[in-house]
Amino acid sequence: MQWDWGAVADFMPHFWDGLLVTLQALVLGSLIAFALGLVWALLMRTPSRFVRWPVGVVTEFIRNTPLLVQLFFLFYVLPEWNLTFAALTTGVVAIGLHYSTYTMQVYRAGIEAVPAGQWEAATALNLPLRRTWTAVILPQAVRRVVPALGNYVISMLKDTPMLMAITVLDMLGEARLFAQQNFQFTEPLTVIGVAFILISYLASVLLRTLERRLVR
Amino acid sequence: MTSGLWELVLAGIWITIQLLVLSALLATAVSFGVGIARTHRLWIVRFLAGFYTEVFRGTSALIMIFWVFFVLPPAFGWQLVPLWAGTLALGLTYGAYGAEIVRGALNSVDPAQREGGIALSFTPWQRLRLILLPQAVPEMIPPFSNLLIELLKGTALVSVMGMGDLAFSGNLVRLALQESAGIYTYILLIYFVIAFLLTRVMRGLERRLKAGVGRAGAAGKPGPTPEQELRRPETTGVAAGGGV
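Which chain is which? The protein sequence lines are S and X, in order. Everything in the first sequence is counted per full-length UniProt numbering, starting at 1 for the first residue and increasing by one. Everything in the second sequence is counted per full-length UniProt numbering, starting at 1 for the first residue and increasing by one.
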């Protein structure tokens, strides 16, 4: 096994470009997942089962099918319907949508963990429904779910390499391009592998600190 | 779609199922090996097992697949058949997630049970085999069931390497027909049906195992309780999901 530090040095500029794209996809995807997950969770609490049932089926479907095939679906099918987006946009939407079906369960758990007395107090104070949610329930629920949401950000990070399959030049995309142009696979792939381990380890340490602070 | 194209999809389903079964077996072996090693009394064994889980959970499954396909052959001078390379990458990665499940379930067994084993002068191996595992294994089934679904979704990744699995057959049909909405809908539906069947099988297994240790009533609850959902240790997406 020969290891060529020159190839690592040549790859580094591409690595930083890829890292930027990966982080972009991660941040935007997380925002979509957080927002859409809350929407799903709230829709699942509406009294009408004509809302709950379709939302339940759709989210269950998205959660149990591979993100990779969903990416292909959005990437190849949307243009057939005359909706053309940049590859990165498609990827961000797909990742956000996929993970919103996970965050939805976290929000649901957070809402259910709010003690029943809070609901009863809101009823006793004659608060309208909207204010019950925005002033009483959600502030308490969101505080509890932050650590669990953070876990999903880390697993989203590990799914961003899939964007490579729809031509996005994220870290893996850059590594593959570099490898094919220079016939050096070992160095770029190892560099991004180590980078992923470091980033996700740091993120999980950060998350545990955050968790200790919030739970206290 | 012509029957020839359907045969392509059927061949894809077969590859996906083979890959799923093989990598699930490898992942189970790794989970139990590494998970039990993490409760070992020697710190060096615990440390090595912990290092393994951090490394393999830290990296992405797709990067592992690239690594096994492109870095291992020149580094060691031998090349694996694609099916085995995919099995190796997926089994090692998902085994690291499974090791956390095994460790958590072993640690959640009442400490008095272990102490009882010591008092009866069981060897560590007897304690594990006769006392800890029979009580811990039923607790592992729901998270393992979710992990199995994640693994099924993970098998789609090998299509990036040109292995002819279900996702890859979808690409071939798209190229043949120049039309994508229909075939990708079918592919997603097939994955969903496989996932649905797997959850059913795992739920049946859970019920049987729980009946074996006299906890029949607790089986088959749909999804984790709110408390479990929020207290889940360092998840990486694997324990979510729940009942179809």
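Treat each hint with caution, since some may be false.
To be verified - Just a few of them, taken from the derived set where beta-carbon distance is under 7 Å, the chain X residues facing chain S: (1) 48; (2) 50; (3) 55; (4) 59; (5) 66; (6) 70; (7) 73; (8) 164; (9) 172; (10) 176; (11) 177; (12) 178; (13) 187; (14) 191; (15) 192.
To be verified - Residues from chain S that keep clear of chain X, each with C-beta distances beyond 10 Å, as calculated: (16) 14; (17) 118; (18) 119; (19) 127.
Rather than coming from a laboratory, the hints here were simulated on the basis of the structure. Glycine included, every Cβ here is placed at the ideal spot set by N, Cα and C.
Taking the hints in turn, this is what the structure says about them:
A distance limit of 7 Å between C-beta atoms decides the matter here; for residue 48/X the minimum to chain S is near 16 Å, and the interface restraint is violated. The beta carbon of residue 50/X is not positioned within 7 Å of any beta carbon in chain S (closest approach about 12 Å), and the interface hint is therefore violated. With a cut of 7 Å, the hint placing residue 55/X at the interface with chain S holds, because the nearest CB-to-CB distance is about 6 Å. For the restraint placing residue 59/X at the interface with chain S, the shortest Cβ-Cβ distance is roughly 5 Å, inside the 7 Å limit, so the hint holds.
Of the supplied interface hints, the one on residue 66/X holds, with its beta-carbon coming within about 5 Å of a beta-carbon of chain S, less than 7 Å. With a cut of 7 Å, the hint placing residue 70/X at the interface with chain S holds, because the nearest CB-to-CB distance is about 4 Å. For residue 73/X, the interface hint is violated, since its Cβ never comes within 7 Å of a Cβ in chain S; the closest pair sits about 9 Å apart. Evaluation of the residue 164/X hint against chain S yields a violated restraint, the C-beta minimum of about 15 Å exceeding 7 Å.
Annotation: interface hint on residue 172/X violated; nearest CB of chain S at approximately 12 Å, more than 7 Å. Checking residue 176/X against chain S: minimum C-beta separation of about 13 Å lies over 7 Å; hint violated. Nearest Cβ of chain S to the Cβ of residue 177/X: about 11 Å, over the 7 Å cut. The hint is violated. Proximity of residue 178/X to chain S is violated relative to the hint, the smallest CB-CB distance being about 10 Å (cut-off 7 Å).
Because the beta carbon of residue 187/X sits about 6 Å from the nearest beta carbon in chain S, less than 7 Å, this interface hint is met. The closest approach between the C-beta of residue 191/X and any C-beta of chain S is roughly 5 Å, which is under the 7 Å cut-off, so the hint is satisfied. About 5 Å separates the beta-carbon of residue 192/X from the nearest beta-carbon of chain S, less than 7 Å, and the hint is met. Look at residue 14/S: its CB is around 15 Å from the nearest CB on chain X, clear of 10 Å, so calling it non-interface holds up.
Taking the minimum C-beta to C-beta distance to chain X, about 14 Å, the non-interface status of residue 118/S holds against the 10 Å cut. For residue 119/S, the shortest C-beta to C-beta distance to chain X comes to about 15 Å, beyond the 10 Å cut-off, and the non-interface label holds. In this structure residue 127/S is separated from chain X by more than 10 Å, as the shortest Cβ-Cβ distance comes to about 23 Å.
Of the hints listed earlier, those the structure fails to meet are numbers 1, 2, 7, 8, 9, 10, 11, 12, in rising order.
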